[in-house]
Amino acid sequence: MGSSVRPFPSDEELTARLRDRDEVAFALLVDAWSSGMLRLARSFVSTDDSAAEVAQETWLAVIEGIATFEGRSSLRTWVYRIVANIAKRRGVRENRSVPWSSLLPTREDEGPTVDPGRFRGAGEPYAGHWREFPARWPSPEQQALAGEVRAQLAAALAQLPDRQRIVITLRDVEGYGSDEVCSILDVSAANQRVLLHRARAFVRGRLEDYFAAVGTESGLATGGRRRERPQPATPCSPLPPASS
Amino acid sequence: MTRRTQVAVRPRRTRPKTSLQRRLLPLHVAVSLQGLLLWAPVEKLFMSEIGFDPASVGVMAAAYAAAVPIIEIPSGILADRWSRRGVLVISSVALMLCALIGGLSNNVATYIVGALVLGVYFAMYSGTMDAVVYDTVLEETGDSEAFEKRIGRVRLVESIALVSSALLGGWLASLATPRLMYFLSVPLAGLSIVAYLRFREPQLHKTEEATSLRSHLALTYRTLTQRGRLLPIIGLAVLTSLILQVIFEFGPLWLVAMAVPAVLYGPYWAALTSTLGLGGLLAGKVQLNRPGTVGAVVGLMLLASLVLTSRTGVVLVTIAQVVLALLIVTASIHVTRLLHDAVPSTIRSGVASGVGAISWIAFLPSALVFGVVSKQSGVHAASWMITAVTLCAGALLLTMALRGRAEPSGAHPDTAPETRSGDRGHVWNLHGSGDLVSDLTCAEFVERVTAFLDGVLDSITERRVVDHIPNCDGCERYLDQLRQTIRTLGDLPAQSLGSEDREAVMTAFHDLLR
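One line per chain: the protein sequences are C and Y, in this order. Quick note on our numbering: the first sequence kicks off at 2 and runs consecutively. Quick note on our numbering: the second sequence kicks off at 571 and runs consecutively.
Wrong hints could be hidden among the right ones.
[What the hints assert, rightly or not] Stretches of chain C that chain Y covers, calculated by requiring three or more beta carbons in the stretch to come under 8 angstroms of a beta carbon on chain Y:
{"id": "1", "region": "21-30"}
{"id": "2", "region": "191-199"}
{"id": "3", "region": "203-213"}
[What the hints assert, rightly or not] Partial list, derived from the structure: chain Y residues whose beta carbon lies under 8 angstroms from chain C:
{"id": "4", "residue": "T711"}
{"id": "5", "residue": "E1014"}
{"id": "6", "residue": "E1017"}
{"id": "7", "residue": "R1072"}
{"id": "8", "residue": "A1074"}
Since the hints were made in silico from the structure, they are not lab data. For glycine and all other residues, C-beta sits at the position ideal for the given N, C-alpha and C.
Just chain C, with the same shape it has in the complex (with noise of 0.2 angstroms):
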C-alpha cells in the first residue's frame, strides 16, 4: 500500500480532510485500522462476522460524528472508543456482556500468575525463590516456528477471559499506551495493570508449554540443540546479608 512509503497525515489534518468528505482519507483510514478495530470488537462479541458488523457501524458512526470530534484525544482513541461502545453493546445483546461496569478485580484476576508450586516453599532455603529456573527458549532469530508460534498465541489468547483478552489486545497487540487503554475502555490505571499482567502471564505460559512440548518432541525448536535440563536454581543470591 502507498500509503506505508508516505507518512501517515496528522490528526488535525485527517479531521479536516474527513470533515470535508475527502474520499482518499477516509478509505486510508479504513484500511490502516479496520484491523486493530476487528480485533478489539472481536473481543467483546461472539463471531467474526458480529464483529465485521461493529466495524461497519463505527466507520458509519465516525463519518456521522466527526463534527462532533473535539481533538481532546487522539482520532484514533475516539475511533476505538466508539468500537468499544458499539462492540460492548452488541455483546450485551448477545449475552457476552462483559461487566467492565464493576471495577473489582474479579476471581479469575486473584492469586499468582505463576504457579506457586515452581518456587522453593516456607520452610526450604531461598523460599520464593524459583526451583527450577524458566527453560531457555529458542531465540527469534530461528524463525522456523515463526507461524507456529504465531497460532499457539492466538489460541492462548482466545482462551483468555474476556476482560484480560480486551485489555492485551489493545496494549500488546495493537501497541496501545496504557493512558490510551485506560480512555478507551474507561477503566482505572490500577485495574488495566492488573488485566494485563495476569493476561501476559497467561500468554507466556502457554508459549512455555508450547516450547517444552516441541523441544522434547525433536529438540527442533532450538535449532537441533536438544532443550537443556532444568538447571537446580542455586545462583539466585537472593540476600546479601543486611548491612545494619
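Start from chain C and add chain Y according to the hints.
Just chain Y, lined up with the frame of chain C:
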C-alpha cells in the same frame, strides 16, 4: 442508529482524580463522624466531677499509653490479613463503647476502663486509615503520587470534626451536662460504621498469595528491624509522633504556667487541633524531598521550639506551638508516604502499626520525664527536650532529602518497555551500591514485572526489582521471555475488513456527498 452512535461518540475522558475522590467519600464521612467527640472538650471537667485528681489522671494516661501499643500490632496484622475496612468498623464500635462506658461512669476505675477502650479505637484506627488510603490511591491511579494530598484531606476532615466538636461540645455541655455529651457521641460513632460499610475496600493486599500467619509475622518483624534503609524512616516517624504527642498532651501546661484565664483554652485548643488538618493540606504542597525546602522547614521548627523554652506571652506561645505542630504534621505525612513506599502492601498495615507501637512505647518514659522535669524546674526547662527531639528529627529529615537528591530515583518515567530495558544498566550504576538489600523473592518479582515494564512502581520497589535482575538468572530469563511474548504479540498478522464490508462503508461515505 444515528441517535445511538451520537451518544457513543461523545468523548468520555477518564478522570482518575474524580473517581478517586468519589471512592474516598465514604471514608471522609466516616472519619468526620468518628471525629465528633462531643465529650472531648469537657472531659477534664467531667473527670473531676467523678473523683479524678491529677495523680489518677496520670495513672489513666499511663494505662492508656501502655494499652495502645499492645493492641497496635495485632490490629495491623488483622488489617493486612482480614480486612482494613473491618478493622475500621471495629474502631467505630470501640468508640461507641468508650463513650458509653465514659457516660455511665461514676468513679475512677470505670472511667479508666472506658479510656482503655478508647485505646482500642486509636490502635485500630491509626495505621489502618493510612494504609487504606494509600492502597486506594495506588489502586485508582496506579502510583502513590497523590497519597500525601489524599491523606492530607482525611486529616483535614478529621481536624474539622475535632475543632467543631470542641466548640459544639463545649457549648452544648454548658446548656446541659458534660455526661450527656458522652451519650450524644454514641450514635455518631454508630453512623460512622454505616459510612465505612459503604466504602469499597481496595484489594491490593489480597492479590498476593496467602501466607501462613507465622511467616507473615516474621516478615513484618524482619521488615521493621532488618532493613537498613527503613531505619531512618522509622526513626523519623517515631520522633515526629513523639513531638506531636508531647505538644498535645503537655501543651496546655504553658497556659497553666502563665495562669491564663480559662476562657482562652477553647480557642487555643481549637487552633492546636486545626494543625492536624492544615498540616495535611500543607503536606500536598510542600516538597520535603528538596533540601532547600527541608532546611527552611527545619529552621522554622527549631525556632518555634526555642520560643517554647523562653518565657513569653500567651500569644507567642500559642503561635509557636501551632507552627511546630503544623510543620511536624506535615513532616509526618511525608514520612508516612516514604514508609509505605518502602514496604509491600501485604504487610503495610502491620508495619505502620508497628511504627505506631514504637512511638507509644517511646512516649511513655518521655511523658514521665517531661512531667517530672516540668514539675520541678518548670515547663520552659522541660521544653529543651522538645528542642532536642526536634533537632534530631530535623537532622534526619535533612539527611534523607540530601540522600534522595544524590540518587535520582528515576521512578515513574513514562517510557516504553524497550527504552527502559536499554536504560537498565544505567539504573544499576546509580543504585548498585548495595545499600539497598535486594530482598525481593522470585515469586514476588514475577508479580511486579508488568508494573515494572510500565514504569509505575514506586522508587523503592523499582530498585528492589532492578537489583534482583543481575542476581537472578531465572528472573532475568522470565523477564526476557515476557518481553519476547509481548514483541511476538505485536507481530500478529492483521485481519482485514472483508471487501464487501469495506465496499459498504465506502458507499456509505460516498452517499454523504450527495
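Consistency of the hints with the structure:
With 4 residues having a beta carbon nearer than 8 angstroms to a beta carbon of chain Y, the region 21-30 of chain C meets the requirement of three or more and the stated coverage holds. For the region 191-199 of chain C, the proposed coverage by chain Y is satisfied: 6 residues have a C-beta within less than 8 angstroms of a C-beta in that chain, meeting the threshold of three. Using a Cβ-Cβ cut-off of 8 angstroms, 4 residues of the region 203-213 of chain C lie near chain Y, which meets the minimum of three, so the contact claim holds. Among the interface hints, the one on T711(Y) holds; its C-beta lies about 6 angstroms from the nearest C-beta in chain C, closer than the 8 angstroms criterion.
The beta carbon of E1014(Y) comes within 7 angstroms of a beta carbon in chain C, closer than 8 angstroms, and the hint placing it at the interface holds. Restraint check, E1017(Y) versus chain C: the minimum CB separation of about 6 angstroms is within 8 angstroms; hint holds. A distance limit of 8 angstroms between C-beta atoms decides the matter here; for R1072(Y) the minimum to chain C is near 6 angstroms, and the interface restraint holds. Restraint check, A1074(Y) versus chain C: the minimum CB separation of about 6 angstroms is within 8 angstroms; hint holds.
Every hint, counting from the list given before, is met by this structure.
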